[in-house]
Amino acid sequence: MDNERINRERRIADRNERRRVENPRDRYERERRYDRWNEYRRSSRNDFTRYRRTWPSRHPHFAHDHIYWYPFYRHWYDFYFWPVPPPRPIIIIELPIPYPDESDIYWDNYEIAQVANVVEQLSVQLYKIANDELSAPTNWNYETLSLMYDVVEAAQIYSDAVDSSRNVYRDTLYELFNLQQTVNSASSRVLCGSLSSIVRENFAQLKYYVQELLWQYRVDSNFESDPFRRPRFSSAALPLELIPDSIGETLACESYSFRWTSPHREHTWSVSSDEQAIRADTLIVGSLDTRGMRGANGVAGLTEITVYYTNGTSSELVGAAIRRGDPHAHRNGQLGLHSDIDRIELQLDPRREIDSISIIADSWISPDMDVSLSFTLLRRGYTENNFLP
Numbered sequence: 595m596d597n598e599r600i601n602r603e604r605r606i607a608d609r610n611e612r613r614r615v616e617n618p619r620d621r622y623e624r625e626r627r628y629d630r631w632n633e634y635r636r637s638s639r640n641d642f643t644r645y646r647r648t649w650p651s652r653h654p655h656f657a658h659d660h661i662y663w664y665p666f667y668r669h670w671y672d673f674y675f676w677p678v679p680p681p682r683p684i685i686i687i688e689l690p691i692p693y694p695d696e697s698d699i700y701w702d703n704y705e706i707a708q709v710a711n712v713v714e715q716l717s718v719q720l721y722k723i724a725n726d727e728l729s730a731p732t733n734w735n736y737e738t739l740s741l742m743y744d745v746v747e748a749a750q751i752y753s754d755a756v757d758s759s760r761n762v763y764r765d766t767l768y769e770l771f772n773l774q775q776t777v778n779s780a781s782s783r784v785l786c787g788s789l790s791s792i793v794r795e796n797f798a799q800l801k802y803y804v805q806e807l808l809w810q811y812r813v814d815s816n817f818e819s820d821p822f823r824r825p826r827f828s829s830a831a832l833p834l835e836l837i838p839d840s841i842g843e844t845l846a847c848e849s850y851s852f853r854w855t856s857p858h859r860e861h862t863w864s865v866s867s868d869e870q871a872i873r874a875d876t877l878i879v880g881s882l883d884t885r886g887m888r889g890a891n892g893v894a895g896l897t898e899i900t901v902y903y904t905n906g907t908s909s910e911l912v913g914a915a916i917r918r919g920d921p922h923a924h925r926n927g928q929l930g931l932h933s934d935i936d937r938i939e940l941q942l943d944p945r946r947e948i949d950s951i952s953i954i955a956d957s958w959i960s961p962d963m964d965v966s967l968s969f970t971l972l973r974r975g976y977t978e979n980n981f982l983p
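Using the numbering used here, read the sequence shown as starting at 595 and increasing by one per residue.
Bear in mind the hints are in silico, worked out from the structure with no lab data behind them.
No experiment lies behind these values; they were computed from the predicted model shown.
Honestly, I wouldn't trust all of these hints.
[Said to hold, decoys possible] Computed cross-link-like contacts, SDA-like style, restricted to lysine to any residue with a CA-CA straight-line distance of at most 20 Å: (1) K722 x D765; (2) K722 x L789; (3) K722 x A607; (4) K722 x A798; (5) K722 x P683; (6) K722 x S638; (7) K722 x N703; (8) K722 x R794; (9) K722 x V615; (10) K722 x I661; (11) K722 x I792; (12) K722 x R644; (13) K722 x E910; (14) K722 x E688; (15) K722 x I706; (16) K722 x R647; (17) K722 x N610; (18) K722 x Y736; (19) K722 x T732.
Put together the whole structure using the sequences plus the hints.
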């Protein structure tokens with residue numbers, strides 16, 4: 595670890611020295627581009643004022659006290675890793691920023707500001723496209739657009755903080771956590787829902803930029819000895835109910851259609867791949883756009899969800915949830931989704947790698963209408979008592 599720290603600090607010092615001795619003309623051009631970004635940002639915000647949030651906001655304001663952000667800080671400081679870039683979008687909305695490479699993997703304040711600007715502009719463009727695609731007046735559409743509006747708002751807050759900060763790494767960490775929280779909250783709707791591929795692919799790009807920003811903040815040496823950013827109280831003193839649910843990261847998602855009539859459809863979701871083994875601690879089930887329709891008992895019933903792990907073991911989640919007293923339990927032995935904005939959270943073993951998930955469900959809306967359910971694997975990174983590495 596000492597050698598890694600020394601090498602990291604040496605490479606940051608080399609990067610800063612190159613910036614110090616760069617050609618004055620290059621520095622002048624960089625400053626001019628930065629001024630043009632700010633001018634474009636101001637004009638685009640004026641244009642965005644005609645949009646409004648279509649559903650009440652459910653995410654907290656960024657200006658929370660230190661206790662609220664401590665779980666974010668702890669998870670970020672102890673366990674954060676360098677993210678893997680996603681595939682380039684087929685249709686690029688905002689010109690991608692070059693990914694860091696081995697020769698210069700650390701960003702300075704100017705590059706942080708550049709990324710913050712791109713994240714804001716990309717979030718605005720994605721919201722505008724989604725606003726057209728989700729024009730039908732349904733609860734699912736309203737809630738999805740509201741979550742994407744939260745991302746725009748958080749990106750604006752973060753961009754403003756970066757622009758006005760003296761030390762971007764020390765002064766804007768909570769604003770970056772707020773941006774991370776809103777992006778994670780919107781991920782399951784955007785990446786798993788009925789939005790077009792241009793929105794999904796570019797949102798994955800936006801999510802990567804936020805992850806890369808978190809990594810750039812983490813490798814900055816200012817946090818090693820900063821007493822304010824290194825809280826003095828123990829995580830054991832923080833009650834579980836104060837840990838924000840949306841700290842989780844969406845790992846994978848899939849959606850399937852289920853019919854009313856028997857035999858009910860059974861789908862198998864193959865999760866494992868050669869590239870990455872998934873370990874998740876939560877499976878979230880919800881319905882996609884039902885256009886506000888529901889049956890007498892709700893939207894859909896889950897009969898069986900069996901998770902098969904790569905070590906040959908398996909877990910049946912529906913029965914386990916009913917035995918724990920899940921409020922979604924129905925008298926017919928199923929777990930029921932009551933509306934199109936209802937969610938069922940099922941606990942997984944985060945120590946085992948997931949191979950596949952077998953799902954049996956049925957629609958409760960009407961015999962002539964199937965229901966589409968989304969299944970999202972989430973990693974929140976903690977158990978009831980402590981964080982998981």
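Inset, instruction - Mind checking the alpha carbons of K722 and E688 for me, to see if they're no more than 20 Å apart? - result: holds (14 Å)
Inset, instruction - Could you grab the alpha-carbon distance between K722 and A798 and see if it respects the 20 Å cut-off? - result: holds (16 Å)
Legend entry - Satisfaction of hint between Y736 and K722, Cα-Cα up to 20 Å: The given pair, whose Cα atoms are some 14 Å apart, holds under the 20 Å limit.
Inset, instruction - Could you grab the alpha-carbon distance between K722 and L789 and see if it respects the 20 Å cut-off? - result: Judged against 20 Å, a Cα distance of about 12 Å means the pair holds.
Inset, instruction - Take the C-alpha atoms of K722 and I706, compute the straight-line distance between them, and say whether it is at most 20 Å. - result: The given pair, whose Cα atoms are some 25 Å apart, is violated under the 20 Å limit.
Inset, instruction - Given the hint that K722 pairs with R644, test it: the Cα-Cα distance must not exceed 20 Å. - result: holds (11 Å)
Legend entry - K722 paired with N703 [C-alpha distance capped at 20 Å]: Cα-Cα ~29 Å, so violated.
Inset, instruction - Measure nothing beyond the straight line between the CA atoms of K722 and R794; if it is 20 Å or shorter, mark the hint as holding. - result: At roughly 14 Å apart (the allowed maximum being 20 Å), R794 and K722 satisfy the hint.
Inset, instruction - Decide if the proposed pair is consistent with the structure: K722 and P683, CA atoms, cutoff 20 Å inclusive. - result: holds (18 Å)
Inset, instruction - Verify the proposed pairing of K722 with V615, using a straight-line Cα cut of 20 Å. - result: violated (42 Å)
Inset, instruction - Below or equal to 20 Å on CA atoms is what counts here, so check K722 against E910. - result: Answer violated: K722 to E910 is near 41 Å, above 20 Å.
Inset, instruction - Would you mind confirming whether the straight-line C-alpha gap from K722 to D765 stays at or under 20 Å? - result: Violated - the C-alpha atoms of D765 and K722 are around 30 Å apart, more than 20 Å.
Hints 1, 3, 7, 9, 10, 13, 15, 17 from the list above are not met by this structure, while the remaining hints are.
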